[in-house]
Amino acid sequence: NAGVMQNPRHLVRRRGQEARLRCSPMKGHSHVYWYRQLPEEGLKFMVYLQKENIIDESGMPKERFSAEFPKEGPSILRIQQVVRGDSAAYFCASFDRVATNEKLFFGSGTQLSVL
Amino acid sequence: DQQVKQNSPSLSVQEGRISILNCDYTNSMFDYFLWYKKYPAEGPTFLISISSIKDKNEDGRFTVFLNKSAKHLSLHIVPSQPGDSAVYFCAARNSNSGYALNFGKGTSLLVTP
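The listed protein sequences derive, respectively, from chains A and B.
Be aware that the first sequence starts at 1, since it is given in our numbering, and climbs by one per residue.
Be aware that the second sequence starts at 116, since it is given in our numbering, and climbs by one per residue.
Check the hints yourself; a few may be wrong.
Unchecked claim - 30 Å max Cα-Cα, derived DSS-like pairs, lysine-lysine:
{"id": "1", "chain 1": "B", "residue 1": "K183", "chain 2": "A", "residue 2": "K27"}
{"id": "2", "chain 1": "B", "residue 1": "K171", "chain 2": "A", "residue 2": "K103"}
{"id": "3", "chain 1": "A", "residue 1": "K103", "chain 2": "B", "residue 2": "K220"}
{"id": "4", "chain 1": "A", "residue 1": "K62", "chain 2": "A", "residue 2": "K103"}
{"id": "5", "chain 1": "A", "residue 1": "K44", "chain 2": "B", "residue 2": "K169"}
{"id": "6", "chain 1": "B", "residue 1": "K120", "chain 2": "A", "residue 2": "K44"}
{"id": "7", "chain 1": "A", "residue 1": "K62", "chain 2": "A", "residue 2": "K44"}
{"id": "8", "chain 1": "A", "residue 1": "K27", "chain 2": "A", "residue 2": "K44"}
{"id": "9", "chain 1": "B", "residue 1": "K186", "chain 2": "B", "residue 2": "K171"}
{"id": "10", "chain 1": "A", "residue 1": "K71", "chain 2": "A", "residue 2": "K103"}
{"id": "11", "chain 1": "A", "residue 1": "K51", "chain 2": "A", "residue 2": "K103"}
{"id": "12", "chain 1": "B", "residue 1": "K220", "chain 2": "B", "residue 2": "K183"}
{"id": "13", "chain 1": "B", "residue 1": "K171", "chain 2": "B", "residue 2": "K120"}
{"id": "14", "chain 1": "B", "residue 1": "K186", "chain 2": "B", "residue 2": "K120"}
{"id": "15", "chain 1": "A", "residue 1": "K62", "chain 2": "A", "residue 2": "K51"}
{"id": "16", "chain 1": "A", "residue 1": "K71", "chain 2": "B", "residue 2": "K171"}
{"id": "17", "chain 1": "B", "residue 1": "K186", "chain 2": "A", "residue 2": "K103"}
{"id": "18", "chain 1": "B", "residue 1": "K183", "chain 2": "A", "residue 2": "K62"}
{"id": "19", "chain 1": "B", "residue 1": "K183", "chain 2": "A", "residue 2": "K44"}
{"id": "20", "chain 1": "A", "residue 1": "K62", "chain 2": "B", "residue 2": "K220"}
{"id": "21", "chain 1": "B", "residue 1": "K220", "chain 2": "B", "residue 2": "K169"}
{"id": "22", "chain 1": "A", "residue 1": "K71", "chain 2": "A", "residue 2": "K27"}
{"id": "23", "chain 1": "A", "residue 1": "K62", "chain 2": "B", "residue 2": "K120"}
{"id": "24", "chain 1": "A", "residue 1": "K103", "chain 2": "A", "residue 2": "K27"}
{"id": "25", "chain 1": "B", "residue 1": "K171", "chain 2": "B", "residue 2": "K183"}
{"id": "26", "chain 1": "B", "residue 1": "K169", "chain 2": "B", "residue 2": "K120"}
{"id": "27", "chain 1": "A", "residue 1": "K27", "chain 2": "B", "residue 2": "K186"}
{"id": "28", "chain 1": "B", "residue 1": "K186", "chain 2": "B", "residue 2": "K169"}
{"id": "29", "chain 1": "B", "residue 1": "K183", "chain 2": "B", "residue 2": "K120"}
{"id": "30", "chain 1": "A", "residue 1": "K51", "chain 2": "A", "residue 2": "K71"}
{"id": "31", "chain 1": "B", "residue 1": "K120", "chain 2": "A", "residue 2": "K27"}
{"id": "32", "chain 1": "B", "residue 1": "K169", "chain 2": "A", "residue 2": "K103"}
{"id": "33", "chain 1": "B", "residue 1": "K171", "chain 2": "B", "residue 2": "K220"}
{"id": "34", "chain 1": "B", "residue 1": "K169", "chain 2": "B", "residue 2": "K183"}
Said to hold, decoys possible - Some but not every residue of chain B turned toward chain A, in silico, with C-beta under 10 Å:
{"id": "35", "residue": "A156"}
{"id": "36", "residue": "D170"}
{"id": "37", "residue": "G175"}
{"id": "38", "residue": "F177"}
{"id": "39", "residue": "F180"}
{"id": "40", "residue": "P194"}
Hints were generated in silico from the structure; no laboratory data involved.
Idealized CB from N, CA, C, for every residue including glycine.
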């Protein structure tokens, strides 16, 4: 897990507020995945990004969720108007080449709690 | 729809014995399988993988077996150690369709001294 930094580790929001989750990939990595883990569930794919591009967002809810990975700075997962069902652990993972995505390096996650 | 299934939520094994974690999948197009290990409050870490062209891959105490006809794979840990206590996730991907890994719900392994 060393190298992929996610912040904050814990985020508490009230219903209707916005949540911003940040992910700084390992140095030199230009590919980022976001996964979500609901209680008692496995990790669910949300989105795959390269620098400045969204490659696959098939796992993202159609509304309220967005992600970006700008040329400079961390990847951001943004959830607008949060609801209780958004409460989950959100994990970011980075890697450097598509062919070796078994070498995904995960961050420690952001635990989002919606009150 | 859960394409990767880990039907045992938990497993308890005595130190020194073999731990066998099982995983079933439904998508016959999956061609690469991985096991990840996760400690509390940490992200998953890659453990071992296997391509669909193989039926076995070994790395130290860890061996993964793949039975394609049964759409089943298993992770063997021999000998089990208390430090192996963690949640183990099975994951699979179809290299020709997208980039996502499909994860099972995990099996919590407890290795007792």
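Structure-based check of all given hints:
1. Among the hinted pairs, K183/B with K27/A is inconsistent with the structure: their alpha-carbon atoms are about 37 Å apart, more than 30 Å.
2. Restraint check for K171/B and K103/A: the C-alpha separation of about 19 Å stays at or below 30 Å, so the hint holds.
3. Distance hint between K103/A and K220/B is fulfilled; the C-alpha atoms sit about 20 Å from each other, no more than 30 Å.
4. A threshold of 30 Å between alpha carbons decides the hint, and for K62/A with K103/A the separation of about 29 Å falls inside it, so the pair holds.
5. In summary, the hint linking K44/A to K169/B is supported, as the alpha carbons are separated by about 26 Å, within the 30 Å threshold.
6. For the suggested pair K120/B and K44/A, the alpha carbons sit about 13 Å apart, so the restraint of at most 30 Å is met.
7. Annotation: proposed proximity of K62/A to K44/A holds, straight-line Cα distance about 15 Å (limit 30 Å).
8. Note on K27/A and K44/A: the hinted pairing holds, with a Cα-Cα distance of about 25 Å set against a maximum of 30 Å.
9. A hinted pair counts as satisfied when its Cα atoms are at most 30 Å apart, and K186/B with K171/B qualifies at roughly 14 Å.
10. Among the hinted pairs, K71/A with K103/A is consistent with the structure: their alpha-carbon atoms are about 23 Å apart, no more than 30 Å.
11. With a C-alpha separation of about 18 Å, the suggested pair K51/A and K103/A falls inside the 30 Å cut-off, and the hint holds.
12. Restraint check for K220/B and K183/B: satisfied, since their Cα atoms lie roughly 20 Å apart, inside the 30 Å limit.
13. Between K171/B and K120/B, the direct Cα distance comes to roughly 20 Å. Compliance with the 30 Å bound is thereby established for this hinted pair.
14. Proximity of K186/B to K120/B is assessed by CA-CA distance (about 11 Å); at most 30 Å being required, the pair is judged to hold.
15. For the proposed pair K62/A and K51/A, the alpha carbon gap of about 22 Å is at most 30 Å, so the pair holds.
16. With a C-alpha separation of about 41 Å, the suggested pair K71/A and K171/B falls outside the 30 Å cut-off, and the hint is violated.
17. Restraint check for K186/B and K103/A: the C-alpha separation of about 23 Å stays at or below 30 Å, so the hint holds.
18. Among the hinted pairs, K183/B with K62/A is inconsistent with the structure: their alpha-carbon atoms are about 35 Å apart, more than 30 Å.
19. For the hint linking K183/B to K44/A, the alpha-carbon distance of about 24 Å falls within 30 Å, and the restraint holds.
20. Our distance criterion of 30 Å between C-alpha atoms is met by K62/A and K220/B, whose separation comes to about 24 Å.
21. Restraint check: the Cα-Cα separation between K220/B and K169/B comes to about 24 Å, which is no more than 30 Å; the hinted pair holds.
22. At roughly 14 Å between alpha-carbon atoms, K71/A and K27/A fall within 30 Å of each other, so this suggested pair holds.
23. With a CA separation close to 26 Å, the supplied pair K62/A and K120/B stays within the 30 Å bound.
24. In summary, the hint linking K103/A to K27/A is supported, as the alpha carbons are separated by about 14 Å, within the 30 Å threshold.
25. Of the supplied pair hints, the one linking K171/B and K183/B holds, its CA atoms being roughly 11 Å apart against a limit of 30 Å.
26. Proximity of K169/B to K120/B is assessed by CA-CA distance (about 20 Å); at most 30 Å being required, the pair is judged to hold.
27. Taken as a hint, the K27/A and K186/B pair is broken in the structure, with Cα atoms around 37 Å apart against an allowance of 30 Å.
28. For the suggested pair K186/B and K169/B, the alpha carbons sit about 13 Å apart, so the restraint of at most 30 Å is met.
29. Distance restraint check for K183/B and K120/B: the Cα-Cα separation of roughly 15 Å lies within the 30 Å cut-off, and the hinted pair is therefore satisfied.
30. Taken as a hint, the K51/A and K71/A pair is honoured in the structure, with Cα atoms around 6 Å apart against an allowance of 30 Å.
31. Taking the CA atoms of K120/B and K27/A, the gap is about 34 Å. The hint is violated against a cut of 30 Å.
32. Note on K169/B and K103/A: the hinted pairing holds, with a Cα-Cα distance of about 19 Å set against a maximum of 30 Å.
33. Taking the CA atoms of K171/B and K220/B, the gap is near 23 Å; set against the 30 Å cutoff, the hint holds.
34. A threshold of 30 Å between alpha carbons decides the hint, and for K169/B with K183/B the separation of about 9 Å falls inside it, so the pair holds.
35. Residue-level restraint check for A156/B holds (minimum Cβ-Cβ distance to chain A is 7 Å; threshold 10 Å).
36. Taking 10 Å as the C-beta cut-off, the interface hint given for D170/B is violated, the closest approach to chain A being about 18 Å.
37. A distance limit of 10 Å between C-beta atoms decides the matter here; for G175/B the minimum to chain A is near 17 Å, and the interface restraint is violated.
38. At about 14 Å, the closest approach between the beta carbon of F177/B and any beta carbon in chain A exceeds 10 Å, and the interface hint on this residue is violated.
39. A least Cβ separation of about 17 Å between F180/B and chain A goes past the 10 Å threshold, and the interface hint is therefore violated.
40. The interface hint given for P194/B is broken, as the beta carbon of that residue sits about 25 Å from the closest beta carbon of chain A, more than 10 Å.
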